[in-house]
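Student: Residue strings, one per chain:
Number of protein chains: 4
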Amino acid sequence: MTDSAKSWPDLAGRIIDDETGRRHMLPVRVYFEDTDAGGIAYHASYIRWCERGRTDFLRLLGTDSRRLIDGSDSHEPAAFVVRRMNCDFLRPSRMDDVLEVETRVKELGGASVTLLQTVKLAGRPVFEALVTVVLVAVSGKPLRLSAVIRDAFSPAP
Amino acid sequence: MTDSAKSWPDLAGRIIDDETGRRHMLPVRVYFEDTDAGGIAYHASYIRWCERGRTDFLRLLGTDSRRLIDGSDSHEPAAFVVRRMNCDFLRPSRMDDVLEVETRVKELGGASVTLLQTVKLAGRPVFEALVTVVLVAVSGKPLRLSAVIRDAFSPAP
Amino acid sequence: MTDSAKSWPDLAGRIIDDETGRRHMLPVRVYFEDTDAGGIAYHASYIRWCERGRTDFLRLLGTDSRRLIDGSDSHEPAAFVVRRMNCDFLRPSRMDDVLEVETRVKELGGASVTLLQTVKLAGRPVFEALVTVVLVAVSGKPLRLSAVIRDAFSPAP
Amino acid sequence: MTDSAKSWPDLAGRIIDDETGRRHMLPVRVYFEDTDAGGIAYHASYIRWCERGRTDFLRLLGTDSRRLIDGSDSHEPAAFVVRRMNCDFLRPSRMDDVLEVETRVKELGGASVTLLQTVKLAGRPVFEALVTVVLVAVSGKPLRLSAVIRDAFSPAP
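If you read the protein sequences in the order shown, they are chains A, B, C and D.
Here numbering that gives the first Met the number 0 is used: the first residue of the first sequence is 0, the next is one more, and so on.
Here numbering that gives the first Met the number 0 is used: the first residue of the second sequence is 0, the next is one more, and so on.
Here numbering that gives the first Met the number 0 is used: the first residue of the third sequence is 0, the next is one more, and so on.
Here numbering that gives the first Met the number 0 is used: the first residue of the fourth sequence is 0, the next is one more, and so on.
Looking at chain A on its own, in the form it has when it is part of the complex (with noise of 0.2 Å):
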């Protein structure tokens, strides 16, 4: 973790595990650059901000993105990539909204990891996603998730 992460010790969000099980919650604010001249959030900004959430939880579970494009967790460069999305555009959010993303972990596969995203206003939902990501190398070939991460995302009973 380098200094500046210190000083910003929420900056990847966090992760809670409660009663409800294990989920990661990461606040995000709307700028200029997330609206549209609608005057609300552009619907593709909550693509983003998933991403974001999906990436900060990989983070704070030790495994983050650099460390599997390197290979460093595995034996072969590798990303998550997406495969499916089914998304919900519940309510719209507004010019300097803050807004918190939850993911929770709702199937692991053999290559695959599907994550309930839903971004809440005031804790209210006004994005859901289901989404389905796959673990492949640099080749593009599906790779299977390594105990490690396996682990990560499987809170502790």
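For the record, the hints were derived by calculation from the structure and aren't laboratory data.
Keep in mind that a hint or two might mislead.
With a straight-line Cα cutoff of 27 Å, these simulated DSSO-like cross-link-like pairs (lysine-lysine) come out [said to hold, decoys possible]:
{"no.": "1", "chain 1": "B", "residue 1": "Lys119", "chain 2": "D", "residue 2": "Lys5"}
{"no.": "2", "chain 1": "A", "residue 1": "Lys5", "chain 2": "C", "residue 2": "Lys119"}
{"no.": "3", "chain 1": "C", "residue 1": "Lys119", "chain 2": "D", "residue 2": "Lys140"}
{"no.": "4", "chain 1": "C", "residue 1": "Lys140", "chain 2": "C", "residue 2": "Lys105"}
{"no.": "5", "chain 1": "B", "residue 1": "Lys5", "chain 2": "D", "residue 2": "Lys119"}
{"no.": "6", "chain 1": "B", "residue 1": "Lys5", "chain 2": "D", "residue 2": "Lys5"}
{"no.": "7", "chain 1": "B", "residue 1": "Lys105", "chain 2": "B", "residue 2": "Lys140"}
{"no.": "8", "chain 1": "C", "residue 1": "Lys5", "chain 2": "A", "residue 2": "Lys5"}
{"no.": "9", "chain 1": "D", "residue 1": "Lys119", "chain 2": "C", "residue 2": "Lys140"}
The structure displayed is predicted, hence computed values, not measured ones.
Got chain A; can you put chains B, C and D on it based on the hints?
Tutor: Same frame as chain A, now just chains B, C and D:
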């Protein structure tokens, strides 16, 4: 149509009516802005490209976004907002690729339209989405699709 | 301030007043969305990050964008728009890097503010920009900076 | 050139050689993704559009980004990276506007090219930037411009 638009006749793509029905085709180039450090098109780029396809389909149907927002096509300012998107990321695309975004109407509801959008590379699908958009007034209220919009989306038999 | 904002105290960064004057610091993480196929942060990402820095500087000064746009800080709705940006891209930054956007006021004009914005990686500048923003009413007319905004930008001596 | 590229002959814009010298013109449509809650094109959108213009200028000169990155135009993989950008935001542009990005070579250095890029709406400049790009190897080392690239940028007298 402005002079600039006339100089670039294909800028909004083309509507094709044939035995498979009416569809809109929009060419899209993959630029640096669309790629990510994985060396491929970033997944949210497809979401943006599909919006370009829908916007230009409407434009060629004579109902562009600005007229909707101005209220000149209806009694009050309005916009199509995305309500649901089921996305399959089938294959990667890369810097400099020429993609085609194909948009077809699947279903017309009272205030909603469901579209099938396919992004193709050399004729082969790399991304597919079923997208439901709803016509919403500035006040947030869903609006019934006018006969003009309804007719435009339905190809003559 | 909403409950969500309270849970994430550093979300808008921090204002620092010291012997070098008043400045705002905002941490920014490099995500996949910010990178390109060259493996580094896409150059326009720095432009977006600087806007986040300016917006959060204003926010911590008590004058956020929504209040400007609503007109609650002045007689009419307004926004700061960028008029000029002189940008130096000094070094690359990469996926997972933690950057800090530092924003300082260089000069206050009648309707404009010139800011020096530096993006740093581990304390070392990777990007620098001199940015002039102008307060503009919805009508397009430049507005004089109010005493409230003027005072906020000038640190107590 | 692929079949898709052939179906859309203007997709990469056009090079124009006339008494004012050689320039590249690329049409760009303002979509929702490019706008912000202020109702106008977000300022960083112009930075992205200029990159599209530079990329397509290179493409029509026969030296596209992928060939540079592959190293097929030189001894090692390389890319043009932006070193400096002096930007003037002259007028707003809005949803559905058709813009033209004009790119001209101002100066050729050993490893660098300085370009003047102007974004026009109905022939009138809305944005102007002086942009210096440097040819850099994957290792980070600046590379001398090859005679091929140098000739391509200099119109025949």
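Student: The structure should be examined with respect to each hint, and the outcome stated for every one.
Tutor: Now the hints, each set against the structure:
1. B:Lys119 x D:Lys5: The hint holds at about 15 Å.
2. A:Lys5 x C:Lys119: With a Cα-Cα distance of about 15 Å, the restraint between A:Lys5 and C:Lys119 holds, given a limit of 27 Å.
3. C:Lys119 x D:Lys140: Status holds; Cα separation ~21 Å.
4. C:Lys140 x C:Lys105: holds, 23 Å
5. B:Lys5 x D:Lys119: Within the cut-off at roughly 15 Å; holds.
6. B:Lys5 x D:Lys5: holds, 20 Å
7. B:Lys105 x B:Lys140: Given that 27 Å is the threshold and the Cα spacing comes to 23 Å, the pair holds.
8. C:Lys5 x A:Lys5: holds, 20 Å
9. D:Lys119 x C:Lys140: holds, 21 Å
Against the hints set out earlier in the document, no violation occurs for any number.
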